[in-house]
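2 protein chains.
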Amino acid sequence: MLTSRIHQFRSYLEARHIDVALLWDPDNQFYMTGFRAISYSRPIVTLIDEKEIQLIIPALEEAHAAEKAAADRTYVYYEQYAFREKPLTYEEHLTGILKSYPAPCTIGIEADILPASVYQRLLDMGFQLADIGGQLTKMRSIKSADEIELLKIAGSLSDLAIGESLRHARVGVSELEFDSHGDRLLLELASRDYPDELIGYADWTCSGIQRSEMPHLYSSTRKFTNGDVVVHSRQVWFNNYRAENERTFMIGNGTEKQKDLLKLMIEAQQVGMEMIRPGISAKDVDIATFQVFDKAGYGEFVQHRTGHGLGLSEHEEPYLRFDNELILQEGMVYTIEPGIYVPGVGGFRHSDTVIITENGSFSITAYPRDFESMLF
Amino acid sequence: MLTSRIHQFRSYLEARHIDVALLWDPDNQFYMTGFRAISYSRPIVTLIDEKEIQLIIPALEEAHAAEKAAADRTYVYYEQYAFREKPLTYEEHLTGILKSYPAPCTIGIEADILPASVYQRLLDMGFQLADIGGQLTKMRSIKSADEIELLKIAGSLSDLAIGESLRHARVGVSELEFDSHGDRLLLELASRDYPDELIGYADWTCSGIQRSEMPHLYSSTRKFTNGDVVVHSRQVWFNNYRAENERTFMIGNGTEKQKDLLKLMIEAQQVGMEMIRPGISAKDVDIATFQVFDKAGYGEFVQHRTGHGLGLSEHEEPYLRFDNELILQEGMVYTIEPGIYVPGVGGFRHSDTVIITENGSFSITAYPRDFESMLF
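Residue numbers (the working numbering), protein chains in the order written: chain A, 1329 to 1704; chain B, 1329 to 1704.
Just so you know, the hints here were simulated from the structure itself, not pulled from any lab data.
It is possible that part of the hints are untrue.
Listed next, the stretches of chain B that the computed footprint assigns to chain A, with coverage defined by at least 3 CB atoms under 8 Å from CB atoms of chain A [claimed, not checked]: (1) 1515-1525; (2) 1623-1636.
Just so you have them, the derived chain A footprint on chain B, three or more residues with Cβ under 8 Å [what the hints assert, rightly or not]: (3) 1439-1447; (4) 1542-1548.
All residues carry an ideal CB built from backbone N, CA and C; glycine is no exception.
The following block holds chain A by itself, in its conformation from the complex (with noise of 0.2 Å):
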């Protein structure tokens, strides 16, 4: 899999050519590499070259990028005072390994991501840079058959937490509550079926109208209450890919009004999901679904694109958005998940991770959508 990609990115680096590619982003690096770490305030650089893939790595990973990570050479920094003589910092590394290229040397840089002190420190230095972070984000909008795989288990997994948080929905609950009955099943469920592997969760909560109304919240410790409208948004990653499963419900004795907006979402989302296959384009979708809302006069209401990509991160260019005209492609990945939110009404979002197949498309998640079982 990995031999493949870097086949694949040594050709584009040659034809553009770009002497070496830095990459700066984790999920690039992983992508890559197969390595993934915990970084925070300590940077890990990947150089790829057409020879050798260097990785610039803190101390404390040294053990953890030996068993991971797929390089030819790895640089380790310190920050331990039993090795105050050796490099303290990546730049110094970095400085190094850069210097060796014959001038005049292009660098490949992840325009949209490395940060600007290091962006004027490699200008300082003389560099010609590139932008490759096209390139990165076109390879892993196509994903391979392994990872589909891995996706899919994502997939199922979240249909399991969705169902157990949803098994819990009713008055009182918390809304941070609601998320951690799901989020304990599923890691019982998987640390059972997967064992050795890495698994991990997001979820969000945004209960009541007006908390509902607002697309992208973190959860709270606010209670459900009667006449609820709640988004309830998940992501489940295996191995670091991630699938996406959000459900909108209520709670009681909704208004009829919340009820014809719940059906009405999720008639636009089911149009969503039917048309998307390959040679359609990306904006096709996004119309067709706000024109399900526009028709019954809600187009007003609707305040974010159709989908998003997804994968190794949570949210994955390209986009499926009215101005994008990309044609789409068996490969990809995207999220289906239209929205209205109507002010002293609520928000209404269902969202599926579906995969672009040969002819058509399928569902990684499963969860029932229909208006009967989102009332509780």
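Here the structure of chain A is known, so what remains is to put chain B in place on it, guided by the hints.
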């Protein structure tokens, strides 16, 4: 709280002849405006000049920002078809706002955070750029009384969570299940005691000789076995302020050597916790804990500094590192977490979060750290 920060920050900008500060980092933006969103692929930008705080946000954050952000003006960009005639990108607003400043104009940027592409665009527009990252770090490193109150709550919640996880420390429990027990209790108790607040957490458990030797790994489905050394790390945040709480424990029959190293690490941590106070330097604390390990013959197995600042971010500068001459001050917050990682034996690290007071320090995390409490 925000008012005095803004006032202090404006004085700094004025003294440095910076016309406007462009904040990109979500934590810095929250620090200055009280507003924080789940942003991912949709940039949010805060601009602060001598008169106004201006905020550029995606449409889906409009209601959220109206409720939370202390901003004088808000600029919205859209991604929905219904508003296709309106501004569709943050860049459109940013360019417009920045062009309104008379030339020559100096913009303050966070050089270690701002993406290279944005930085280059500002250079192309002819602006002078000045790094304001250090000032923001400096201001954030001294916590106010209000911030300390939030940190204390985060600390107590982390104690409850870690205790509940440890209650389930036994053979056959997976790392992820172990985490989830604490998570669940945390969310249950927090929901009971703190209605309508934001609470979050992150945890990582590295079990067994091989995994505990690596200081930073995501939790896996690996199940605890007899003789495991386990390093459990946890952060809990309360209204965005984070406490860190980590314990190393043993399951069943560990070796004498493992027990000795656990005791040694506890001793090193105690040395750090007892000495940290205003007036000593960051390096002194780091070197003192190192010496505990070194005298026992384990200096070479220290892999990281003694601690990091924290608050809004997981890791905040400045660090307790042997090459940091910084004199510690009242209001600074640090983890004290000296660790050793010995191949074939295991990794050993406790972490507690301490707040420096006028005359000394206190720990906001209080779960027992002694040797006997770490045997399961």
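Quick rundown of the hints versus the structure:
| no. | hint | in the structure |
| --- | --- | --- |
| 1 | 1515-1525 | holds (count 8) |
| 2 | 1623-1636 | holds (count 7) |
| 3 | 1439-1447 | holds (count 9) |
| 4 | 1542-1548 | holds (count 7) |
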